[in-house]
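Residue numbers (our numbering): -17 to 193.
Don't take each hint at face value.
[Stated by the list, open to error] With a straight-line cut-off of 20 Å between C-alpha atoms, the simulated DMTMM-like cross-links for lysine to aspartate or glutamate are:
| hint | residue 1 | residue 2 |
| --- | --- | --- |
| 1 | Lys53 | Glu72 |
| 2 | Lys96 | Glu113 |
| 3 | Lys53 | Glu97 |
| 4 | Lys75 | Glu91 |
| 5 | Lys75 | Asp(-11) |
| 6 | Lys75 | Asp119 |
| 7 | Lys175 | Glu164 |
| 8 | Lys150 | Asp93 |
| 9 | Lys150 | Glu106 |
| 10 | Lys53 | Asp(-11) |
| 11 | Lys53 | Glu145 |
| 12 | Lys96 | Asp(-11) |
| 13 | Lys53 | Asp11 |
| 14 | Lys(-7) | Glu164 |
| 15 | Lys170 | Asp29 |
| 16 | Lys75 | Glu97 |
Please keep in mind that the hints were generated in silico from the structure rather than gathered at the bench.
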Amino acid sequence: MTPERSDKFQKVLSNRQSDLAIVMENVHDPHNISAVMRTCDAVGIQDIYVINSISPKHGYFGPKSSSSAAKWLTVHQFSSIEECILVLRERYKRIYTTHLSTDAISLYEFDFTKESIALVFGNEHDGVSAEMRQLADGNIIIPQVGMIQSLNISVACAITIYEAYRQKINAGHYNQRSLTEERIQEIKSNWSKPKVKFRFKDLKALRRLNQ
-17 MTPERSDKFQ KVLSNRQSDL AIVMENVHDP HNISAVMRTC DAVGIQDIYV INSISPKHGY
43 FGPKSSSSAA KWLTVHQFSS IEECILVLRE RYKRIYTTHL STDAISLYEF DFTKESIALV
103 FGNEHDGVSA EMRQLADGNI IIPQVGMIQS LNISVACAIT IYEAYRQKIN AGHYNQRSLT
163 EERIQEIKSN WSKPKVKFRF KDLKALRRLN Q
């Protein structure tokens, strides 16, 4: 690895935020997952949790949307909600879903700077499941005034985590390192490994498996 690339890795990792994670529950379209990952990388979120309790695990993450973002993130895949929740409870203080409900907190009234948080986004058709909402600590909504009270998951995620980014910037969270030195070295080691390259026909086959 060249010194320049090592410095780039170090600079990026110094801005990674260990106290904020994204969870995607049964999101069907790999390109939506990829778009979410790209935004997470942009704001310094390292850990992504993907739950596939009603569909097979994703074999790849849409190359057109991701710009290879997945290789810079740590992706945790689970086959059940309960399994994922157990891990989240060990790593984050609070779990919040994003769901339209009467008891939800407006995104712009929510404080992302006080404690570690995992944010759950549901799939394209049904949103966050009732089971997940019952296991979470609360619910956040993005204020809307249009006829259609929903947004594409990748758009909703981008709006939400950029609000978190704004708050955390103002609170000085990006002025100090969040990851431990051990975690930084682990991630750098993974980033340095050769990446598997798929042929186009292999990607098409994997997409069919994920449909």
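Here is how each hint holds up against the structure:
1. Lys53 / Glu72: violated (24 Å)
2. Lys96 / Glu113: Roughly 26 Å between the alpha carbons, so the hint for Lys96 and Glu113 is violated.
3. Lys53 / Glu97: Measuring from Cα to Cα gives roughly 27 Å; hence the hint is violated.
4. Lys75 / Glu91: Holds: Lys75 and Glu91 sit about 19 Å apart, inside 20 Å.
5. Lys75 / Asp(-11): Status violated; Cα separation ~32 Å.
6. Lys75 / Asp119: Distance of about 10 Å is within 20 Å: holds.
7. Lys175 / Glu164: holds (17 Å)
8. Lys150 / Asp93: Holds: Lys150 and Asp93 sit about 9 Å apart, inside 20 Å.
9. Lys150 / Glu106: Outside the cut-off at roughly 28 Å; violated.
10. Lys53 / Asp(-11): Given that 20 Å is the threshold and the Cα spacing comes to 18 Å, the pair holds.
11. Lys53 / Glu145: With a Cα-Cα distance of about 24 Å, the restraint between Lys53 and Glu145 is violated, given a limit of 20 Å.
12. Lys96 / Asp(-11): At roughly 30 Å apart (the allowed maximum being 20 Å), Asp(-11) and Lys96 break the hint.
13. Lys53 / Asp11: Cα-Cα ~18 Å, so holds.
14. Lys(-7) / Glu164: holds (16 Å)
15. Lys170 / Asp29: Holds: Lys170 and Asp29 sit about 14 Å apart, inside 20 Å.
16. Lys75 / Glu97: Given pair Lys75, Glu97 holds - Cα atoms ~6 Å apart, limit 20 Å.
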